[in-house]
Amino acid sequence: NAGVTQTPKFQVLKTGQSMTLQCAQDMNHNSMYWYRQDPGMGLRLIYYSASEGTTDKGEVPNGYNVSRLNKREFSLRLESAAPSQTSVYFCASSYRSVDEAFFGQGTRLTVV
Amino acid sequence: GQQVMQIPQYQHVQEGEDFTTYCNSSTTLSNIQWYKQRPGGHPVFLIQLVKSGEVKKQKRLTFQFGEAKKNSSLHITATQTTDVGTYFCAGTTGTYKYIFGTGTRLKVLA
Chain P
1 NAGVTQTPKF
11 QVLKTGQSMT
21 LQCAQDMNHN
31 SMYWYRQDPG
41 MGLRLIYYSA
51 SEGTTDKGEV
61 PNGYNVSRLN
71 KREFSLRLES
81 AAPSQTSVYF
91 CASSYRSVDE
101 AFFGQGTRLT
111 VV
Chain B
113 GQQVMQIPQY
123 QHVQEGEDFT
133 TYCNSSTTLS
143 NIQWYKQRPG
153 GHPVFLIQLV
163 KSGEVKKQKR
173 LTFQFGEAKK
183 NSSLHITATQ
193 TTDVGTYFCA
203 GTTGTYKYIF
213 GTGTRLKVLA
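One line per chain: the protein sequences are P and B, in this order. The first sequence: position 47 = 47 (this note's numbering), numbered continuously. The second sequence: position 90 = 202 (this note's numbering), numbered continuously.
Hints are computed from structural coordinates only; laboratory data are not their basis. Relax, there's no trap hidden among the hints.
In the DSSO-like style, the derived pairs of lysine-lysine whose C-alpha atoms are separated by at most 30 Å in a straight line are:
(1) P:Lys-71 / B:Lys-209
(2) B:Lys-163 / B:Lys-182
(3) P:Lys-71 / P:Lys-9
(4) P:Lys-9 / B:Lys-219
(5) P:Lys-71 / B:Lys-148
(6) P:Lys-9 / B:Lys-148
(7) B:Lys-163 / P:Lys-57
(8) B:Lys-182 / P:Lys-57
(9) B:Lys-209 / P:Lys-9
(10) B:Lys-182 / B:Lys-168
(11) B:Lys-209 / P:Lys-57
Take the sequences, apply the hints, and build the full model.
Written out as structure tokens, the structure is:
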């Protein structure tokens, strides 16, 4: 089992460029999440999907959009990247929203 | 909005010493989880606490949920170099989303 797979692992963008971070889980989980991690800030929830077909904003949704493509996949899109979006992005999933979350390996994004 | 704070932010201990990190929420929580993140790695689930006053143990780790369900602690007895990493608590008020604390980075000196 791969668990939670994120692509890409590393990315450098220029300000104003767009990109999509991909996330897929093979554990038949219902809930999926996108977090960003900045030094000294812990993990902050960007968007989450409690179940297939639903998405909701987290703590820091501005500048991002998400798509729950199917039960397995949950993508995060940056429409116009800004230097403030330089961060490590983690995707996570859980069977139910109250259960333990399994995290992907992370995507290190730098916006210059 | 809901806020979860952790103290201390950093802790350096000598191998064999004990370590405690504290988690405090601005609102009453329904559940709290603890995660460990090794340097350069991703968060890994340790435990979940649900009941008021609950205490759970995992070998040298002891987790506690406060009576008012607004605070929690993680205590490690006799730290080892393998305990190095950042420990996060994550709490929910039952709104389908967990808010993570700021984390405590533990360094263990051999």
